[in-house]
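J.: Grab the two chains, each in its own frame, and use the hints to assemble them into the complex.
Keeping their order, the protein sequence lines are chains A and B. Per my numbering, the very first residue in the first sequence carries number 439; after that it's consecutive. Per my numbering, the very first residue in the second sequence carries number 65; after that it's consecutive.
Take these hints with a grain of salt, some might be off.
[Unchecked claim] Below, in silico cross-link-like pairs of lysine to aspartate or glutamate (DMTMM-like), each with a Cα-Cα straight-line distance of 25 Å or less:
#	chain 1	residue 1	chain 2	residue 2
1	B	Lys186	A	Glu572
2	B	Lys188	B	Glu110
3	B	Lys186	A	Asp571
4	B	Lys173	A	Glu586
5	B	Lys223	A	Glu452
6	A	Lys487	B	Asp209
7	B	Lys223	A	Glu586
8	B	Lys232	A	Asp571
9	B	Lys113	B	Glu192
10	B	Lys212	A	Glu572
11	B	Lys113	B	Glu175
12	B	Lys212	A	Asp571
13	B	Lys143	A	Asp676
14	B	Lys232	A	Glu572
15	B	Lys212	A	Asp676
16	B	Lys143	B	Glu157
17	B	Lys186	B	Glu157
[Stated by the list, open to error] Computed spacing ranges between beta-carbons, pair by pair:
#	chain 1	residue 1	chain 2	residue 2	range
18	A	Trp533	B	Arg180	34 to 40 Å
19	A	Met551	B	Pro168	34 to 40 Å
20	B	Gly169	A	His540	52 to 58 Å
21	A	Gly604	B	Lys212	33 to 39 Å
22	A	Leu470	B	Glu192	33 to 39 Å
23	B	Asp182	A	Gly650	36 to 42 Å
24	A	Leu470	B	Arg230	38 to 44 Å
25	B	Asp227	A	Val524	41 to 47 Å
26	A	Ser678	B	Lys113	17 to 23 Å
Don't read these hints as lab results, they were simulated from the structure. Ideal Cβ positions, reconstructed from N, Cα and C, are used throughout, including at glycine.
Residues per chain are reported as follows:
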Amino acid sequence: MANTENSKQPAAVEQRLVWDLPVRIFHWTLVLAVAVAYVTHWLGISYFKYHVWSGYVVLVLVTFRLLWGLVGTRHARFWNFVRGPVTTLRYGRDWLRGREPHFAGHNPLGAVMVIVLLLTLFAQALFGLFGNDEIFNVGPLYAYASNELSLQLTSLHRQLFYWIAGAIGLHILAVLAHYLFKRERLVRAMITGRKPKHKLSDFDGIHSSRAGLAAVLVIALVTLLAWLVNSAPLPVADLSY
Amino acid sequence: MGKTLYTGRRAAPVFFLAGLIATAAVQRVYAQTAAPAPSPSKQAIEARKAAFVLIGQNFKPVGDTLQGRTPYDAEQIRKRTARVAFLAELLPETFPDVSNVGEPGTRTKPEAWSNRADFDKKLKEFREHSAALAQVAVRESSTSDAFKAAATAVAQDCKTCHDNYRTK
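Chain B on its own, in the form it takes in the complex (with noise of 0.2 Å):
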């Protein structure tokens, strides 16, 4: 090759400008593709919030219909009161232990950690009176007396669960 110009000790600083050039682009990519993944307690809290709104959206018509500002429509009722009992199913798992300490995201009391059994029986008493109201619903087709008494406790869940470990 004779006297090529990229030998020897002339090309060390060629190498080092690309070296520098080369990770460069590579951390402009990398910083493009991977965005830092949001923290734990983060995504905990979206989760159960974005749970219980969909949740109070749902239960809404179902206590508009028990307190009589809207009649009974059944086909209404069985999709609303299916929805809250599928949802309900999603709260367990948005209340790790990460997304309490510190947390300015969440009305939820720190009392729900350290009351942990007790808030656990909460949750799986609103799982079972929700899917009790599901039931209900797909049998009756009046405010009759079954309906009224499973959506109450159910509407009696949400109030308890708020007065122990919501803020005010």
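Excised from the complex, chain A in its bound form (with noise of 0.2 Å):
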């Protein structure tokens, strides 16, 4: 809290945009995504419907990120953080010995929690898609799978959750890691999507959110989604038994 109490010197930490305002909407928007599913599983059957919605939010957010590493801005762009194995353990081995590199967007590691967040989420949405409760909830593209394809989703649908709890639990003691270790506040980053100048090379900084094509990409996903879900059939009881 240092840099905020002292008023007069407002401008001693210049700042650089990292993160673009369509990854920061993404990352906070699925983070309350996540929380509702949870929640509205939890709080019981009556609730299912924003169980649903939830999912259709976590799925369209998900794949535009899958979209935005490929066309997004510089540090949200996949080939410019996403290494390969050896250059990963590389860094987990620096790590360990305390002198790793900086890296303005993503490290190495941070690298393989955003993919694993991000699969692990997209085939929890899916699943979910073509899922039955057995009672009387049915995901809305149930109608589409098998009833025996539809009760081994809906299996893998719980049990994924857990790994997905464990993942998010390892992404947020990572990120408490970097403050209490290395003084970096990497939850403001996230909000206000800048970064000390100081700790950034010359052309680390972006100029624009492209927040234009971000917006047309959503809208894209959104009519997509909306048109699959409407014109799947209603599933309906057998009533000869």
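T.: In structure tokens, the structure reads:
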């Protein structure tokens, strides 16, 4: 808090934009959607509708982020931060010895967490679309899967939750470790998008958020999902038995 | 009888042979008629699975109406809810202690036996809510608040028990 308390020198620490606006909105909306998904499952069967809605939000957000990893700004692009196993292991070794290099965006270990979280959340939301609670709630695309497949996917949906919860816990611990051991305020950076200039090299800052492109992508994804869900047949019980 | 063939020591092998044939015949007949009884655990597991299959099939149309996928059909709802209430009464006997340990054919978690008091309480709530729903269905003729509340209570019983006592 030392920097903010010393209000006479607000410009003492010059900041540069690292995380574009779409990445930041994506991150915090995803936090909210995952929290809502968990709480609505826990609250009970009559909140299922909101559980489905939060699943839609997760699906759109994660799909958007996967695309943004291809066409987004510098630190959002996968090939600017995802590294091979050798580099990643070397970074982990250097980190254990306390002399890891600094990265403006995601470091190689953080990149692994980004990929794990994106893929598991994508799978989780996807499985949910075909799910079936064997009582009366069904996922919106249940009619496209056989009952056996639906039950298998539901079972995976239940088990994958624990892996996701573990990954989220690890993610939060890592952010906490960055603050405690290196005094890096990663949460604030993910809110403001900015990091102290002296920790970055000259070409690390970004100049635009490309928010217009992001908006177009999100609208397209929402439209696609809405069409998929609305064109799926309603599953209705067979009254023969 | 004079020199009868089947007397004395010379008859012994014949009786022995006859005895063997008789024993084999009896065994054969016995094997055909009395197959070994299935174990009590297997019987209990089959019984509860059968009950749950029927409960599921009969509650589905109630759920469809509750969630607005099908219009309220009073006759169907009465029939289905009465069946669920009846089937729920079968459940308490289908979880004997022997149907737990080392049984591969069941998704019931061991906690159903280790938390027996809570498990029994959940089964009891399911029976009571199913009976209440059947009674509501007798007098209702639309997706009323009373029907919604009663049907949701039953569905929540299903979910709570699945969440706690069934493998994921």
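J.: All hints are to be evaluated individually against the structure, with a verdict given for each.
T.: Verification of the hints:
no.	hint	in the structure
1	B:Lys186 with A:Glu572	18 Å, holds
2	B:Lys188 with B:Glu110	21 Å, holds
3	B:Lys186 with A:Asp571	18 Å, holds
4	B:Lys173 with A:Glu586	21 Å, holds
5	B:Lys223 with A:Glu452	54 Å, violated
6	A:Lys487 with B:Asp209	18 Å, holds
7	B:Lys223 with A:Glu586	19 Å, holds
8	B:Lys232 with A:Asp571	11 Å, holds
9	B:Lys113 with B:Glu192	20 Å, holds
10	B:Lys212 with A:Glu572	18 Å, holds
11	B:Lys113 with B:Glu175	18 Å, holds
12	B:Lys212 with A:Asp571	18 Å, holds
13	B:Lys143 with A:Asp676	14 Å, holds
14	B:Lys232 with A:Glu572	12 Å, holds
15	B:Lys212 with A:Asp676	21 Å, holds
16	B:Lys143 with B:Glu157	24 Å, holds
17	B:Lys186 with B:Glu157	14 Å, holds
18	A:Trp533 with B:Arg180: 34 to 40 Å	50 Å, violated
19	A:Met551 with B:Pro168: 34 to 40 Å	37 Å, holds
20	B:Gly169 with A:His540: 52 to 58 Å	57 Å, holds
21	A:Gly604 with B:Lys212: 33 to 39 Å	37 Å, holds
22	A:Leu470 with B:Glu192: 33 to 39 Å	38 Å, holds
23	B:Asp182 with A:Gly650: 36 to 42 Å	56 Å, violated
24	A:Leu470 with B:Arg230: 38 to 44 Å	30 Å, violated
25	B:Asp227 with A:Val524: 41 to 47 Å	43 Å, holds
26	A:Ser678 with B:Lys113: 17 to 23 Å	20 Å, holds
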